[in-house]
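Enquirer: Listed here are the chains, written in short residue letters.
There are 4 protein chains.
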Amino acid sequence: MNRDSFAAGERLVSPAYVRQGCEARRSHEHLIRLLLEKGKCPEDGWDESTLELFLHELAIMDSNNFLGNCGVGEREGRVASALVARRHYRFIHGIGRSGDISAVQPKAAGSSLLNKITNSLVLDIIKLAGVPAVTSCFVVPMATGMSLTLCFLTLRHKRPKAKYIIWPRIDQKSCFKSMITAGFDPVVIENVLEGDELRTDLKAVEAKVQELGPDNILCVHSTTSCFAPRVPDRLEELAVICANSGIPHIVNNAYGVQSSKCMHLIQQGARVGRIDAFVQSLDKNFMVPVGGAIIAGFNDSFIQEISKMYPGRASASPSLDVLITLLSLGSNGYKKLLKERKEMFSYLSSQLKKLSESYNERLLHTPHNPISLAMTLKTRGEHQDKAITQLGSMLFTRQVSGARVVPLGSVQTVSGHTFRGFMSHANNYPCAYLNAASAIGMKTQDVDLFIKRLDKCLKTVRKEQNKESNVSGVDNYDKTEDVDIEEMALKLDNVLFDTYQNSS
Amino acid sequence: MNRDSFAAGERLVSPAYVRQGCEARRSHEHLIRLLLEKGKCPEDGWDESTLELFLHELAIMDSNNFLGNCGVGEREGRVASALVARRHYRFIHGIGRSGDISAVQPKAAGSSLLNKITNSLVLDIIKLAGVPAVTSCFVVPMATGMSLTLCFLTLRHKRPKAKYIIWPRIDQKSCFKSMITAGFDPVVIENVLEGDELRTDLKAVEAKVQELGPDNILCVHSTTSCFAPRVPDRLEELAVICANSGIPHIVNNAYGVQSSKCMHLIQQGARVGRIDAFVQSLDKNFMVPVGGAIIAGFNDSFIQEISKMYPGRASASPSLDVLITLLSLGSNGYKKLLKERKEMFSYLSSQLKKLSESYNERLLHTPHNPISLAMTLKTRGEHQDKAITQLGSMLFTRQVSGARVVPLGSVQTVSGHTFRGFMSHANNYPCAYLNAASAIGMKTQDVDLFIKRLDKCLKTVRKEQNKESNVSGVDNYDKTEDVDIEEMALKLDNVLFDTYQNSS
Amino acid sequence: MNRDSFAAGERLVSPAYVRQGCEARRSHEHLIRLLLEKGKCPEDGWDESTLELFLHELAIMDSNNFLGNCGVGEREGRVASALVARRHYRFIHGIGRSGDISAVQPKAAGSSLLNKITNSLVLDIIKLAGVPAVTSCFVVPMATGMSLTLCFLTLRHKRPKAKYIIWPRIDQKSCFKSMITAGFDPVVIENVLEGDELRTDLKAVEAKVQELGPDNILCVHSTTSCFAPRVPDRLEELAVICANSGIPHIVNNAYGVQSSKCMHLIQQGARVGRIDAFVQSLDKNFMVPVGGAIIAGFNDSFIQEISKMYPGRASASPSLDVLITLLSLGSNGYKKLLKERKEMFSYLSSQLKKLSESYNERLLHTPHNPISLAMTLKTRGEHQDKAITQLGSMLFTRQVSGARVVPLGSVQTVSGHTFRGFMSHANNYPCAYLNAASAIGMKTQDVDLFIKRLDKCLKTVRKEQNKESNVSGVDNYDKTEDVDIEEMALKLDNVLFDTYQNSS
Amino acid sequence: MNRDSFAAGERLVSPAYVRQGCEARRSHEHLIRLLLEKGKCPEDGWDESTLELFLHELAIMDSNNFLGNCGVGEREGRVASALVARRHYRFIHGIGRSGDISAVQPKAAGSSLLNKITNSLVLDIIKLAGVPAVTSCFVVPMATGMSLTLCFLTLRHKRPKAKYIIWPRIDQKSCFKSMITAGFDPVVIENVLEGDELRTDLKAVEAKVQELGPDNILCVHSTTSCFAPRVPDRLEELAVICANSGIPHIVNNAYGVQSSKCMHLIQQGARVGRIDAFVQSLDKNFMVPVGGAIIAGFNDSFIQEISKMYPGRASASPSLDVLITLLSLGSNGYKKLLKERKEMFSYLSSQLKKLSESYNERLLHTPHNPISLAMTLKTRGEHQDKAITQLGSMLFTRQVSGARVVPLGSVQTVSGHTFRGFMSHANNYPCAYLNAASAIGMKTQDVDLFIKRLDKCLKTVRKEQNKESNVSGVDNYDKTEDVDIEEMALKLDNVLFDTYQNSS
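Protein chains in written order, with the numbering used here: chain H, 1 to 504; chain W, 1 to 504; chain R, 1 to 504; chain F, 1 to 504.
Some hints could be false.
Said to hold, decoys possible - Straight line, CA to CA, 27 Å or less: simulated DSS-like cross-link-like pairs of lysine-lysine:
id, chain 1, residue 1, chain 2, residue 2
1, R, LYS339, W, LYS173
2, H, LYS308, F, LYS173
3, H, LYS161, F, LYS163
4, H, LYS163, F, LYS463
5, R, LYS161, W, LYS208
6, W, LYS158, R, LYS339
7, F, LYS443, H, LYS158
8, R, LYS339, H, LYS443
9, W, LYS336, F, LYS163
10, W, LYS308, R, LYS163
If you're looking for bench data, these hints aren't it; they were derived computationally from the structure.
Hey, can you work out the whole structure from these sequences and the hints?
Expert: Put into structure tokens, the structure is as follows:
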């Protein structure tokens, strides 16, 4: 409403009240102005009415929402379904232009602003989360793997001779495929065992660099966040090797924004050596739906080159999600989530330790992994694999999601490369184990239910394994509480066991 | 967004595009300004983005949406559920103040504006629909019956001696109860049969006025929209009687706004005689959810008196619904609906005539009723009622809603008053019949399905009634098409027959 | 989705996963079944997905959502605007039938269920809140005042001779108007001053009953929740007088559900004497938008009589709001809100006491009022009223809502009756004062901001009143924090002062 | 609601009505079952209540919506913002697994079903739109350009020696960049002029194949939909060349689904020769927001290879949009849109012809282009470019979006390759021109406004160009109607002219 509308309003109801309402409106506008001027995440989260006002204001700046628009092009932001238009707040034109995903669209000033602001907010949060040296980033509506691919494809143009990517092993398919898809040969560097931890074999990396020759190497592709007992790569040392050899360095920081340790590694790596870009998932770090990633770095022009590599426009949906989320939370809200995650990690760690000991198992000692934990699964005799797979299946049917059992000796071939000990990041890890992680948004209730159900499952598995022996376990499982889940699970166990065995 | 925000936006993306967006925003603002200044329904409907922008702007003028508000009263517009807040567009304070449902709320300038504008728009539409002489109206979040009660309660204070309400009979419970609830004695004036039509017995009204004495009569309570074969009351003549005797006149115009004939009667009645207020349903005339009515009249101060009678605040929900609806439709959209309704009435009429004749029945000749039609249901022997009730039940299970079968000789006692021939508006209407109406929003498909299913039901009923005779009916019923409904209906027939028999 | 759909789903994706999803669905269904079978508020609130599934399931049971429906009546639940349909979750038919607001609608099984369940849940909550003896209640889409009117209108039919309503004075317009609108003469019983409190004058009530004669008295109309220094009426004693004299007793419990004390008074009154119905606001007790009330009582048939008095259908909107709210909160969530309110009352009380003493004012001692507090406003000389009104206006412009200043000697005529000392519930209360209340949903931040701003305003007013004296006040006001509100307020002060003076 | 819930419901309201509601529910379930069983787009569109019920049912099969779920992984579908969760209907897990974007997710049976069904529906629509021979397709949440890149990257693994892509020139940046990003050298085949049309130079293609050698060629990359005067490539002949030389053939069918001609070319190409995959935009063909594409083909295993190339999960948002859209429209609704588009093309064509002739211009004769039209822009002397650019800018400020002016002799370098005559698909097209297209969803009003505004702009430009001559133009421009847009545009003209000049 503009001045004339308010004046008309004053004639309908009391001027004093309208004026008070009009003044109140300014508080919302003030927040919006600050956001646009500073480009920073507000400290306190916005309430829904400010947020929706803002999105509404942006949307009506897009040509598809112009009241007098007539479209004679092939892409006019027309929407067939009102449901679809509404769920996108009427942002239809996506982000970017054919030449550059970060470019401004003449037809869509609102969407373009949305894109710029989102990238600016995300940059602010990355700084706050532990990488103050970051200078540039952008949200891309692709998963982490495909975003890594985009980075590699960009590097190709700068290093036409390069064929190889040096990659300290991490057993996650999409990391590996990101290199294959880009058309490069991953050079797998096996990890070394230090105590229970699997860590980067720096010497092997250096040897490989010598052996292949820097010019033939596209980049080093390292990883921060990962499942224990693997721990984040030694980024500082890798960054130094890269700097010294003139090799680019791309870091897969998939769910590392939530951990100050992972972020600190990146900050330090960039300070003492070379990191060209680091890529992180939107969903895993910002609690939004799957589908977006952030490509960030310390050199504006390189990050821009990547953004110019994306041919064509792209979905604004992930950007919109993260924008809504960050404005709702505010930086204080996000910091609170980070703090709670850390606390939950300690809690999960202590509970899992207690439980494992009651079963004569052990929580692996992996102090360098700030997110994931692993507990040994001792197995006897020939049926070991079956028992372990059964445990995984049982947890799944009991609605424990995300727990991962890792048997010994699993072999898998991914895009032609054979991995021994697949899932364990090593050819011969000494024992089978079970992973659990404390990720952002986890609640005490998640931990408690997990421990309770795991206890129950372990008890069942042990009984089957060893009918004569009497294993007791933590005896705090209250049968009455969780009875529905248990009942349901029993029905599903057999069906799902088969499935799980094949798919894991 | 204010000027500063746009300026900041211009620094983020191209100034030219932001400026274009900013100009485009003005088109929305322009519509809003016009609405507030003129208080009239826009000719062309608004699109959703203008509508939601407007509602959003109003809502943030309410104190519960002030960012800095602190509430220390007993009614602060707090909402526990975000779903609830959102579905009300964050209008929480309702409309009106303790003293007057039309009064402005200091705490809620936005809701107050919403209320004023809605009433203004509705007034505009009533004029357009055929009562240009109307001067004042307001939306009240109560059904038609309770709104009539409020009118009667208001009149009580002006006519302390009055005990009676003169009421040309219409067999609809809530009309009758509206008078009982207000504490008055309805004096029922039986209708006279003219051809097939049941019309106002003006002589009986005049005689009653003489007999009881004008001062003892609170008002005449007449009706426009009604089920055939009753037709709208002779409003002009009643209005003249009222004017001459100094008796107030309240018109129940429940679903009459949709008919230019009903509206014309009111306009004429007010011109030549006396009409104090006319009351109409929101849902039946404006295709909104049940729960609101409009009280309108020709004398501002009387209408205000009624609005001041409502003790306490009231729900803004019906006002919001009708506001959204009218702004979406525009006056052109509403006129189009009126036109289509009229056409659909002709279509229904001709189809029903054709069908009735094929069954040796007859469409009653009720030219004064512009909305409802009636078709005779001949019955033979003692089982007549059962057959008719069964027909009603069959239609219901076949998802024909709103068709009403009216048997002969039904007797019902409502609040102590016994009505013979209940549902037929007369003690002894000559025949049983079935009603169907063409109300606003009806589609060709409604008529076609109705005729098809009615044909089918009549055929079945006839077969049962007279096994030897072979009645053919309109043979255009395509069994394959409507087969799902039929199948479902057969399963329900018995169950529902019992229910229907008891409830109708 | 039914069995066949799940089977088809299993062919598309893995049977095991579909089956797990299908089992998970049962948890939602289980909650819904429990609700329908027990009719009680679940202990733990439902999450949005269960809630929306439930509403969706109910809605498709209404005929307007039947896929094969054809409508030929005058009220078919058609909706012109998709926005409107959606915000009502496609419940269009409202609640009740022409004869009875609690009746089941054949066309709308879903809405009917919604209505029944809501009333059942609300009954459960009233018991839990402190009136276990309640046997019947229903939600009515009218404010408290109009709902009281409906009770009085119902009683009229049982007590045709009665003209008077005995009413211990409470200065709230809609209470008074509820009787006037119903057509009765309120007999105002002035309160007696006990300490600082204004309490029911039982002797005056008894005397009045004798004087007028029980048969001429429609009922006693008492009040629980009210502004200090008035306190809840002596319900037990009034209930005994009513029982002994055979006079009905209607209790205005407007915002009393949130206070165990108010509820206890009702429970006790009904136990030892007579309470026919008690009426409470939906919005003030359940944090939903304005517009609904609950009429409750201890005698099913009387409560049903009231529900049958409402002529016509009614809006389902308030029922839907309270249903969503209670299912979201669960009884535990509601109890938590009650507990927090009580704590906030203590906090507000102590903070206000501290502040008042720093200004040589006094928190009135009103231990029987569990919700509202009052702090004296000493005034000197002729300008007293102006200063007090100015304080009210200043608080308003500083976005303090709900604080009420009560000057001495205000006289107001409401519907012909003149109240001396209006707003103070007494002809001559000894001092002017300011009210603040701790209502459900209040937050610490509300109290803190209120105290801060009140301090600031008092300081300003005192300075103006007495230029030479130096009043210091609580010196914890941090100017930097609240600076925006203050700046804005200064601009509005003059404009609003005039308005406030006229409207209060 | 399950059987028990309905039984409980029957006890609350009449069993008959509940049963009717329960039966009505089956109609919705029936539609859902049919969809899951057949996997085809329903003929008639679903109404919103069926659609939302379906989405709701799917969503509760995902583990993040399990009521008893506990998550201990790093990706648990947690959502921080309720707004975000709601806008995605609580589908959070995206689609695909790390290995394959079409794979089923154990944690998300509902999302997996959504993905499968969407792909199945889209396949059905592609068949219906003119490529009945298609056998496989999938929706990918990337724009057309990036999707083409993915196809090229997949081919790389099958043709390790290949370095070149044969590409008949089309001046659209993202087409060109899709090859560059994939790391290949585009071999540009200039078009030949036939009449006004620019068509594929088949001989040049054949010569290039010979010259480079088939093994060194990754694929032929041809285009259907394009701006006139270029017309769709000669797909049949290209497909034959590819088949004969054993070269893969990827077709960019960006907005070709909407044209039966484009689709027919693909069908024929695949029948007589070789087409490995054809890629189309979701937004341009299905009126959904920007961000998705469909990769389709005639060989299941190749299409699966592409889907396995995408590393990691992906956004479900584009799939959800197209699912909602297709279910809302039904195949009949989509066919209707296709038919209307064709009619609108004729209308636009005739109107543009008329207008162009009135200015002594000419509509280029491009019968092979079914979507885009071009009208000559004669220019005189040195200021030609300026005048043409000014025309583009003027149209933009008058809210004509999508009209494209193409001056002569524009030179642009994209990723190192220099294009002469850029935007015109040819080094030396004989004249400057203006493009307009009839795309799906275009309305008569779009055409009329466009012609009106273009007329106005041409008039203005001509006046400036030639002050003495009097050009009249089509004189049907009603100044009063479009006055707001014009007024606004005048203000913006200068600002935007500069921008437009630099950006186009």
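Enquirer: Indicate, hint by hint, whether the structure satisfies it.
Expert: Comparing the hints with the structure gives:
1. R/LYS339 with W/LYS173: Not OK: R/LYS339 and W/LYS173 at ~45 Å, beyond 27 Å, violated.
2. H/LYS308 with F/LYS173: holds (11 Å)
3. H/LYS161 with F/LYS163: At roughly 14 Å apart (the allowed maximum being 27 Å), F/LYS163 and H/LYS161 satisfy the hint.
4. H/LYS163 with F/LYS463: Given pair H/LYS163, F/LYS463 is violated - Cα atoms ~61 Å apart, limit 27 Å.
5. R/LYS161 with W/LYS208: The given pair, whose Cα atoms are some 25 Å apart, holds under the 27 Å limit.
6. W/LYS158 with R/LYS339: Measuring from Cα to Cα gives roughly 49 Å; hence the hint is violated.
7. F/LYS443 with H/LYS158: violated (47 Å)
8. R/LYS339 with H/LYS443: holds (24 Å)
9. W/LYS336 with F/LYS163: It is violated: about 64 Å lies between the C-alpha atoms, which goes past 27 Å.
10. W/LYS308 with R/LYS163: Cα-Cα ~22 Å, so holds.
Against the hints set out earlier in the document, violations occur for numbers 1, 4, 6, 7 and 9.
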